[in-house]
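Peer 1: Below, each chain spelled out in residue letters.
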Amino acid sequence: RKEVEQDPGPFNVPEGATVAFNCTYSNSASQSFFWYRQDCRKEPKLLMSVYSSGNEDGRFTAQLNRASQYISLLIRDSKLSDSATYLCVVRVGNDMRFGAGTRLTVKP
Amino acid sequence: GAVVSQHPSWVICKSGTSVKIECRSLDFQATTMFWYRQFPKQSLMLMATSNEGSKATYEQGVEKDKFLINHASLTLSTLTVTSAHPEDSSFYICSAPPGGRTYEQYFGPGTRLTVT
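Residue numbers (the working numbering), protein chains in the order written: chain A, 1 to 108; chain B, 109 to 224.
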């Protein structure tokens with residue numbers, strides 16, 4: 001079993017749609033949680049950290065459920081520029097463990 | 109914000125040759141840097157942790173004699189792929205945590221290696 005598992009996708013949605021990504025992690029010692037965005041042939045860039053209380057940044061909302069070892073990302077009113085691969089990332093000690101990513105394509 | 113650069117961004121080499129990839133932190137010092145590899149449509153996989161002034165720590169299954177890492181200074185780590193083979197073709201990305209805060213990673217732009 002992979003340490004970090006994500007919806008395989010791809011997700012193809014129209015502009016303005018709301019889309020949700022799920023992620024589960026297997027290591028209960030995981031300490032920090034993040035969503036990264038990776039554009040094609042580019043490096044990952046931090047989208048947002050994920051806190052137990054849930055957090056929101058504009059159109060993006062992240063949730064963490066430690067008991068279920070589950071993380072989610074909700075994108076509202078999706079834009080064409082949101083098209084990318086979204087990586088669920090978990091920190092265990094000094095190591096960052098990446099999910100395989102979920103590909104999102106937002107269409108006009 | 110913190111910036112990490114990589115050089116070269118793209119390299120094509122012949123099988124059997126060695127390729128050196130540089131990772132630099134431009135506006136902060138990094139005692140630790142991380143090297144990842146990403147195959148198409150797959151996740152980033154940590155290869156090794158580069159430590160300034162000491163030996164790198166390699167992940168299980170990564171050959172240390174094939175992937176030579178040198179953390180020469182607080183702003184530079186190099187990864188040398190020795191005797192490259194076509195199966196080494198991949199996207200290599202480094203990252204560094206500014207201020208030693210490993211939960212905050214800044215990634216280099218990546219190096220695409222193609223071995224023919």
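Just so you know, these hints were derived from the structure itself, not from any lab. A couple of the hints might just be wrong.
To be verified - Derived BS3-like pairs (lysine-lysine); straight-line CA-CA distance at most 27 Å:
(1) Lys-79/A with Lys-122/B
(2) Lys-2/A with Lys-45/A
(3) Lys-122/B with Lys-2/A
(4) Lys-42/A with Lys-2/A
(5) Lys-107/A with Lys-122/B
To be verified - Taking CB as the label site, the calculated pair distances span:
(6) Gly-58/A with Thr-222/B: 46 to 56 Å
(7) Tyr-70/A with Gly-169/B: 38 to 48 Å
(8) Lys-122/B with Gly-54/A: 45 to 55 Å
(9) Gln-168/B with Glu-5/A: 34 to 44 Å
Stated by the list, open to error - Chain A stretches covered by chain B per the calculated footprint, using a threshold of three residues with CB under 8 Å from any CB of chain B:
(10) 9-18
(11) 59-66
(12) 98-107
The structure presented is a predicted model; accordingly, all values stated were derived computationally and were not measured. We put the CB at the ideal spot given by N, CA and C, even for glycine.
Peer 1: Compare the distance between the alpha carbons of Lys-79/A and Lys-122/B with 27 Å, and conclude whether the hinted pair is satisfied.
Peer 2: Judged against 27 Å, a Cα distance of about 42 Å means the pair is violated.
Peer 1: Range hint 45 to 55 Å: satisfied by the CB atoms of Lys-122/B and Gly-54/A?
Peer 2: holds (52 Å)
Peer 1: Please verify whether Lys-2/A and Lys-45/A have alpha carbons no more than 27 Å apart.
Peer 2: holds (22 Å)
Peer 1: Do the beta carbons of Gln-168/B and Glu-5/A sit within 34 to 44 Å of each other?
Peer 2: violated (20 Å)
Peer 1: Is the distance from the Cβ of Gly-58/A to the Cβ of Thr-222/B consistent with 46 to 56 Å?
Peer 2: Violated: the Cβ-Cβ distance is about 38 Å, outside 46 to 56 Å.
Peer 1: Check whether three or more residues of the segment 98-107 of chain A sit with their beta carbon closer than 8 Å to a beta carbon of chain B.
Peer 2: holds (count 4)
Peer 1: Given as covered by chain B, does the segment 9-18 of chain A meet the bar of three residues or more with CB within less than 8 Å?
Peer 2: Per the Cβ count (0), the hint is violated.
Peer 1: Checking C-beta pairs, does the segment 59-66 of chain A have three or more residues closer than 8 Å to chain B?
Peer 2: Violated: only 0 residues of the segment 59-66 of chain A have a Cβ under 8 Å from chain B.
Peer 1: Next pair to validate is Lys-107/A with Lys-122/B; report whether the Cα-Cα distance is within 27 Å.
Peer 2: Violated, at roughly 40 Å.
Peer 1: Is the distance from the Cβ of Tyr-70/A to the Cβ of Gly-169/B consistent with 38 to 48 Å?
Peer 2: violated (28 Å)
Peer 1: Under the criterion that the straight-line Cα-Cα distance not exceed 27 Å, is the pair Lys-122/B, Lys-2/A satisfied?
Peer 2: Judged against 27 Å, a Cα distance of about 34 Å means the pair is violated.
Peer 1: Verify the proposed pairing of Lys-42/A with Lys-2/A, using a straight-line Cα cut of 27 Å.
Peer 2: holds (23 Å)
Hints 1, 3, 5, 6, 7, 9, 10 and 11 from the list above are not met by this structure, while the remaining hints are.
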